[in-house]
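Enquirer: Kindly produce the complete structure, drawing on both the sequences and the hints.
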Amino acid sequence: MKKKRYSNPYLTGIGLGLVMLIAFWVTGLGLGASGAMMRTVVAVEKTVAPEHVNNNFYLKKYGGEGKSPFKHWLIFEILGVFAGGLISGALSGRIKKETNKGPRINNKKRWLFAFIGGGLFGFGARMARGCTSSVALCGGATLALGSWATMIAIFAGAYLTAWFARKLWI
Amino acid sequence: MTGPLSITLNINDNIIFLIYFFIGIGFGFFLERGGFGNSRKLALQFYFRDMTVFKVMFTAIVTGMIGMTFMNSFGWIDLNLIYLNPTYLWPGIAGGLIMGIGFAVGGYCPGTSVVGLATLKQDAVFYIMGSLFGMFVFGEFVPVIKNFFYSGFMGPRETIYKTTGLTIGQIGFFVIVMALLGFIGAEKAEAHFGKKEN
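So the sequence lines, in the order shown, correspond to chains H and L.
Position one of the first sequence corresponds to residue 852 (the working numbering), numbered consecutively onward.
Position one of the second sequence corresponds to residue 163 (the working numbering), numbered consecutively onward.
Straight-line C-alpha distance at most 16 Å; calculated EDC-like pairs for lysine to aspartate or glutamate: (1) H:K912 with H:E896; (2) H:K912 with L:E302; (3) H:K922 with L:D175; (4) H:K918 with L:D175; (5) H:K911 with H:E896; (6) H:K911 with L:E302; (7) H:K960 with H:E949; (8) H:K959 with H:E949; (9) H:K918 with H:E896; (10) H:K918 with H:E902; (11) H:K912 with H:E902.
Since the hints were made in silico from the structure, they are not lab data.
Expert: Put into structure tokens, the structure is as follows:
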């Protein structure tokens, strides 16, 4: 199947905005992503060391006594995100085992930096109480003050780092 | 019917979970459509060569914002009942900066990495493993920085219009104008810096 071009960004944005609106209208909760990953981490920790989860004020919120970290809307949403990505990718012939990177580095280096970048993003997302989905997208649309501060900080951090990371991408 | 329906119709959790699976499908579908499964396309935003991230994000924000404001004034949704991100200013800014560094280095954000995984991007696998590790570290480390984690608190539902004393309409108008100017700038930037990509 021939690989199709990506959709028009403005139409894509309207589509995402409408999905967000439906989410707020039906559940009042909006969208998210990093919370589902945090819940996965807590689920593992709870299996290995349940007492440790109970004794940590932060982990306790997700999986303290009697709470199942997976019994949460974010888990079902993120499974949907995976399915939606799969559907769109399949329709457009874009499901392909590959590593996206700049021309000047090899795959192994890209994987290493993907791990490091993911680690930083994951750490920062928990510190800011949400990532680009919940904070920047939904907090942006609801005009939450802290969300706009975080969103501006995300772009600032990325643009300040871009020069140092240029070998990875261009 | 006035939303959020989960509250006004008292829908039970299991049905909400099922609904969220379908909302997630919509979310993932549009992310992939827009090219967000491809880390390099995302990262090129930070070199002004491909401004898709900015365009999609701000179109979505403006669409959501206009939609919610109108729905509120039509009586279709009660904005007092929807989730609003609480404002803890200092960890919000510090966390944002760290996320930004992670974005430029890792290429993805958490939501887009799941779409990358769904379309078999190997770098997305490493990114997700890194994210889980970073979150694990944060969970273990946060008791040490508990005071900082709760610093700069300005209220559970603080908004730009409340802080500035302006109306939601005035702020909304300003956001729309900024977004439109941003789109013009983004098109110009792509035309200039994006040449190397074609």
